[in-house]
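J.: Sequence:
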Amino acid sequence: MIQVFKKGVSIKTAIIISIVIIMIAALFAGCSSDKKQNAQTNAKPETNGKREVTVKVGAAAVPHAEILNFIKPKLKQEGINLEVVVLDDEGQLNPALQTKQIDANYFQHVPYLNSVAKEKGYDFVVAAKVHVEPIGFYSQKIKSKDELKEGAKIAIPNNPSNEYRSLALLQANGLIKLKEGIANYSATPRDIAENPKNLKFVEVEAAQLTRALPDVDGAVINTNFVLEAKIDPKTALFREDANSPYANDLVVRKGDETRPEIKKIAEYLTSPDVKKFLGDKYGVAVVPAF
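So for the sequence shown, the numbering used here puts the first residue at 18; every next one is plus one.
These are computed hints drawn from the structure, not numbers from a lab. There may be inaccurate statements among the hints.
To be verified - Below, computed lysine to any residue pairings styled on SDA-like, alpha-carbon distance capped at 20 Å:
(1) K271 - T116
(2) K170 - K214
(3) K146 - E284
(4) K196 - P206
(5) K271 - V127
Start from the sequences and build out the full structure, keeping to the hints where you can.
T.: Here's what the structure looks like:
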């Protein structure tokens with residue numbers, strides 16, 4: 018207790034001084050409480066009462082990153098900070114997911130994933146099936162597949178799944194016939210059983226096919242590379258239809274598909290708003306797979 022009894026000070030005066038000291042102490046305590054309350058009031062509120070979570074998704078530049086950026090503001094309102102990661106080499110997106118540099122990736126279809134998962138030991142699952150980019154046959158030298166001459170040079174992707182996909186497209190258009198019993202979406206020109214026009218095949222890295230186009234009679238090219246090269250996808254002489262099994266998927270490490278933020282991203286990627294966005298922006302080049 019504060020000592021106020023000093024020589025020459027009456028008890029009445031001491032009591033008054035004690036009361037004054039107590040009132041001053043209470044006043045300062047009240048001010049401190051008000052400041053603390055004001056500081057809490059001015060603190061940045063959490064989005065919708067939830068703590069914001071950052072999710073990194075690796076993606077191909079076009080159209081995948083563009084689609085992710087379209088849903089980014091909506092996810093922000095849900096408390097999810099979507100960070101879109103675009104690498105120069107798409108082949109590094111699966112290793113980045115494996116080593117937890119990113120939380121998910123969005124650039125590949127299941128046949129491609131299956132073709133590399135066993136070799137690399139990936140334990141990934143599909144969190145959402147989003148869109149199909151119908152692969153197409155392009156040429157700067159002819160206007161119709163009927164104009165392909167004997168021995169024409171055709172460029173195709175050199176990765177297993179897309180190589181089969183390209184050959185299957187050529188077969189569907191009557192240009193070649195593949196051997197029977199080919200499984201696992203894997204085939205090369207060595208698996209061609211019939212080649213009436215004796216077409217010559219050049220295996221090229223998928224991302225380089227648009228650059229190789231002037232040097233060949235035609236090329237089968239993935240639509241994302243066509244869009245990146247500013248080529249009109251409508252100029253394809255022929256292409257897959259919307260029933261293609263090559264849907265581009267949101268892929269995560271096994272077990273992460275149940276994370277609330279991953280489920281929310283998957284929900285928005287397969288929403289009516291995204292379906293409209295695909296139609297308005299890409300037309301026949303990118304079609305919904307949901």
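J.: Confirm or reject each hint.
T.: Structure-based check of all given hints:
1. K271 - T116: Holds - the C-alpha atoms of T116 and K271 are around 13 Å apart, at most 20 Å.
2. K170 - K214: holds (10 Å)
3. K146 - E284: With Cα atoms ~10 Å apart, K146 and E284 stay inside 20 Å; holds.
4. K196 - P206: holds (10 Å)
5. K271 - V127: holds (14 Å)
Of the numbered hints listed earlier, not one is contradicted by the structure.
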